[in-house]
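K.L.:
For this one, chain A is given, so just place chains B and C on it according to the hints.
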Amino acid sequence: MSALLEAKQIVKQFGGLRAVNDVSLTIEHGQVFGLIGPNGAGKTTFFNVITGLFPPTSGELLFDGRSIIGLKPHQIVDRGIARTFQNIRLFANMSALENVLVGQHVRLRFNPVEAVLKLPAFVHQEQRAAERALDLLSLVGLRGKADELARNLPYGDQRRLEIARALATDPKMLLLDEPTAGMNPQESRELTDFIRHLRHELDLTVLLIEHDMKVVMGVSDVVAVLDYGEKIAEGPPAAIQSNERVIEAYLGRGIEGLMLEDETPGAA
Amino acid sequence: MSPFELVVQQLINGLSLGAIYALIALGYTMVYGIIELINFAHGDVFMVGSFVALLIAGGLGVTGTVSGPMVAVVMFVILVGSMLATGLLGMLIERAAYRPLRHAPRLAPLITAIGVSFILQNVVQLRAGPSPVSFPDVMPNPVILAGNVIISAKQLMIIFVSIAMMAGLQWFVLKTRLGRAMRATAQDRQAASLMGININSTIALTFFIGSALAGAGGFVFGVYYNSVWFINGYIAGLKAFTAAVLGGIGNIAGAMIGGVLIGLLEALSAQYVSERYVDAIVFAILILVLVFRPSGLLGQHLPESAG
Amino acid sequence: MSEPAAVAKATMFPRFGSDLKSKALLGAVIVLAILYPILDSNASHVSSAADAGVFVLLALGLNIVVGYAGLLDLGYAAFFAIGSYAYGFLASPRFGIHLAFWLMLPIAGIIAAIFGIILGAPTLRLRGDYLAIVTLGFGEIVPVIFLNADKYTNGPNGINALDPPVVGSYNFGHNPLPYYFVVLFLIALIVIIIRRLRDSPLGRAWMAIREDEVAAAAMGIDTVKTKLFAFAIGASFSGIGGVVYSSKLGLVTPDNFRFSTSAFILSMVVLGGMGNIPGVILGAVILFELQSLILTQMTIWSHQLGAFTHIGFLDQLDFVNLKFLLYGLALVLMMLFRPEGLLPSARRRMELHATPEVAASESQELYDVSTEAQSA
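Protein chains in written order, with our numbering: chain A, 3 to 270; chain B, 105 to 411; chain C, 1373 to 1748.
Chain A with its partners taken away, still in its complex shape (with noise of 0.2 Å):
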C-alpha cells in the first residue's frame, strides 16, 4: 500500500505555545487511522494544519506525493481532503439538500454564462448534482429529511449531515473530528459500521480524532497517541492500549481514562 498522506515532523506555535511538536505520521491509501489523547493534545490543531486552516511553523506535508503546504482550504479540497468539524459546523439555515450540494462545489463547474442562459449543460449538471446530493443522504439515512434546515435537525442526525457534506466533495481522505460525540452506544456502533463501510465501498482513507476508545479501537487499523502536542505512541490498536506511557497520560490528568468494556456513552 502507498502512502497517502505523509505529515513530517510538523510543528504549530501559536506564540508561545506550542500545540503541535514535531509530530511525524504516515497514513496508507485505504486506512483507518485513529488519532487520541487527552484533551487539549493538539489533535484538532493538527487537523487545522492538514486541511489549511494554518500552515505549520515547520515541517513538510505530503499528500498523494505532492506537498500541500501553504494551500488554502479550498484548495486542499481539491487535492482529495475533506473533514468534519468537532463543534458541528454545518450551514445551519441550509437545508439537508442544500448542504450536500455546497459540498459537491469543487466538483461542479461552474459558469455564469450558462447559468444565466440557463443552457442545457447547466440544467443537466444542477439535476445530477441534486440526484447525488440525495444518493448522499440517503447513504447516511437522511434522504426522507432532505428539506429540512440544517439547524432544525436533531443533533445525531446533523453529525451524519456533516460527513455527507464531507463526502460531497469525492475526498480521496476523510478527516473525521469526533464523531461520536454526543452519541450513544447504539449510534456509535452504527457510525463504526459506516466508517467500515466508507472505506470498503467508496476506498476511502480516514484517519479520525475520537475519544470514545470502543470506537477507535474497533475500527482503526493504526492508532497514533499525542499528548501535550507530542507523538508519544503509535501502533495497532492492541499495542496502544497496554502501553503504559499512553496509559500514563490519560489517567496521569485523571479526565476521562479509557474505556475499554464499559458500555458509557462516549466522554466529551
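Read the hints as simulated data drawn from the structure, not as lab findings. Please note that the accuracy of each hint is not assured.
[What the hints assert, rightly or not] In silico lysine-lysine, BS3-like type, Cα no more than 27 Å apart, as pairs:
1) C:Lys1523 - A:Lys120
2) C:Lys1395 - A:Lys174
3) C:Lys1597 - A:Lys74
4) C:Lys1597 - A:Lys120
5) A:Lys216 - A:Lys174
6) A:Lys120 - C:Lys1395
7) A:Lys174 - A:Lys74
8) A:Lys216 - A:Lys120
9) A:Lys174 - A:Lys10
[What the hints assert, rightly or not] To give a feel for the contact side, a few chain C residues facing chain A, derived at Cβ under 10 Å:
10) Gly1468
11) Leu1471
12) Ile1565
13) Arg1576
[Said to hold, decoys possible] Short, incomplete list of chain C residues facing chain B, as computed with Cβ under 8 Å:
14) Asn1520
15) His1682
16) Leu1697
Beta carbons are placed, not taken as given, at the ideal position from N, Cα and C, and that holds for glycine.
P.N.:
Relative to the frame of chain A, chains B and C by itself:
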C-alpha cells in the same frame, strides 16, 4: 516665512488638529476594544458635543470673549457640561441600539450605528439649521511669536485639555477598579463575567467615557474654529477612526498617537499637496492601513479575516 | 425527467413565483407596472417612477453584495458614479465621443465591474466591519476625484448635454416615458439574471459563506473569488444604473454619489429584506417615493392645513428635511425588530417556524433508532 518656519507652523497646526482627532479616536478605540464594534455614530456624538457646548454657552449668557479669570471657570463649566451630556448620549445609544444586538451577526449593530448617525445629524440639522452656526469666541487668543511662527493660546489650550484628558484616561484605565474591569472585559468577556464583573455596566461605562471625550473634543472644536455645523461629525469621525486604526484599534496609546499623526498629515497635505485632496488622502491612508497592516502601529494582532 | 431528478426538483426550496398564487400576484404587478403611465399621466410622476426604477436596479445590485454574499458595502454609490461619468465621458460633447446608449449599458457595467474587482481583490479578505469601512473610504474618494479632476470632469459643474438614448430615428429627448419602460425592462432582465445565479452553485456558495465562512472554505469554496464575483456583479448593476440615470438627467455632477446615497440604497435593502428580491424592490420603491413624492406631498398638505387652521408651525413644516431621520429610523428599527425585512423570504420564514414533524422527531432524539440509519 522661510520654508522651515512654514513646516514648523504646519506642525503646530497639525498638532492642535491632531489633539482633537485623538480625543475622538479614543472613543472609537475603547468601544472597539470592548465590543468589537465600529461605533459609526461616534463622530456625530462629537458633533452633538459641540452643539451642546454652544447651548451651554448661550445658557450662561456668553456671547463674546470672557475676560479675566472668569474665562477659565466659564470654559470649565461648558466643558464639563458637554462631556456629561455626550457621555449620557453615548450610553443611551448603546442601550437602545447596540445592546439588543449584542448576539446578532456583527453587521447588524453596524447598520444600526449608521442609522443612529443619520438620526443625530438630522435632529441637529432640524434644530440648528443646515448652515454652520457661529460659536462665541469665548477665550481671548493672544499669540506667541517665534520668528514668523505663530502659536495661539487656543492651540495651547487644545493641547493642554487633550493631554489632561488622556492622562486622566490612562490613570483611570490602569489604576482604578473600574478601569481594570474595562480592560478585563475587553480581553475576555466571559472570564470577566465569571469574575463577577458586571459586563453591561462596564460596557455602558466605556461608552460614557468614550463619548464624554468626544464631547470634550466638540467643545474644543467650537472654541477653536468658532463655528459648529451639523455635518462636522461625519468627516471628523471618519478621520478620527482612521487615526484609531492607524495607531492600532483597541489600543489607547495608539489612538493618541494616531490622532496626532493624522492631524499632522492633514496639515502638511493641505499645505504641500492640495487643500482639495486632503480628505481623499486621509481615506487612502485608512484603506492602506486596513489592507496592509490592520493591526496598526501599536495594535495587538487582531484576526484579519472572518472566522 | 427521471424519478430522482423529479424528487430533487420538488425538494428544493419553494421560490416566489413557483406556485399559482404568487404567479398571479407577479403577473398583476407586472401588468400594473406596464400600465402605470397610462393610469397616471402626470409626467413628473412618471419621471419620478423612472428614477425610482433606477434605484430599484441599484438596490438589487447591492442586495447581491449585502444580502447574498453578506458583505457590507458602504461605498456602493461609487460604482453608480463611475457608470454615470462613463456615460458622461463617452456619450456627450465633452470629448466628442458619442457611443450609443445601448452600447454604454454593457460597457459601463464592465467598467464598474472592473473597478469592483480592483477594490475587492485586496480587501475582500478583511473582516466584515473593516471591509465596510474600506468600502466607505473608497466611496468617499471616488466622488472627490471626480470633483477635482476638472480637466476631465469639469469639476462641480459636471458634464451636461449628455446624449439621450436613440432607437432608430426615435430620440428619447426629455420625455420620461421611454426611460420608464427601459428601466422596467432592465429590472426584469436583472431579476432573471440574479435568480438564475442564486439557483446555481455560485448562489449556494454565497449562502454558505454567509452562514459559516470557515466551513464554506473547508467544503472547497474559494471564498475570495466567490465574494469577488458578488462584488463585481453588484458593481456592474450599479454602473448600468448610472448610465440610465445620467442619460435621463442629461447631466452628471459629483453631487449624487456621496455616502448618503450609498446609505440610502442600503436602507432600501435593509427595509425590504436582505437577500429577498421582491422585498428589495418594494423597499426601494417605498423609500424613493417617500423622499420624492410622499414627503413633498405631506409638506404641501401641512402648509395647506396650516393656512386653513391658522396654526403657524404647520405652515413651517418641511417633511422633506426629515429624510435622513426616516432612513436612520428605518435602519435602526428594522435591525432591532424585523431584521428579516418587510417581506421575509420563504427561507427566513421557515427559520422562524419549525414544522410539526421536526418538533416530533426532536422529542425522540437520543434514544430512538431510526430504521434508515443502516450503513447499507
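K.L.:
Hints first: check each against the structure and report whether it holds.
P.N.:
Do the hints match the structure? See the list:
no.	hint	in the structure
1	C:Lys1523 - A:Lys120	violated, 45 Å
2	C:Lys1395 - A:Lys174	violated, 45 Å
3	C:Lys1597 - A:Lys74	holds, 12 Å
4	C:Lys1597 - A:Lys120	holds, 22 Å
5	A:Lys216 - A:Lys174	holds, 25 Å
6	A:Lys120 - C:Lys1395	holds, 20 Å
7	A:Lys174 - A:Lys74	holds, 17 Å
8	A:Lys216 - A:Lys120	violated, 51 Å
9	A:Lys174 - A:Lys10	holds, 20 Å
10	Gly1468	violated, 34 Å
11	Leu1471	violated, 24 Å
12	Ile1565	holds, 5 Å
13	Arg1576	holds, 5 Å
14	Asn1520	holds, 5 Å
15	His1682	violated, 23 Å
16	Leu1697	holds, 4 Å
Comparing the model with each earlier hint shows violations of hints 1, 2, 8, 10, 11 and 15; every other hint is respected.
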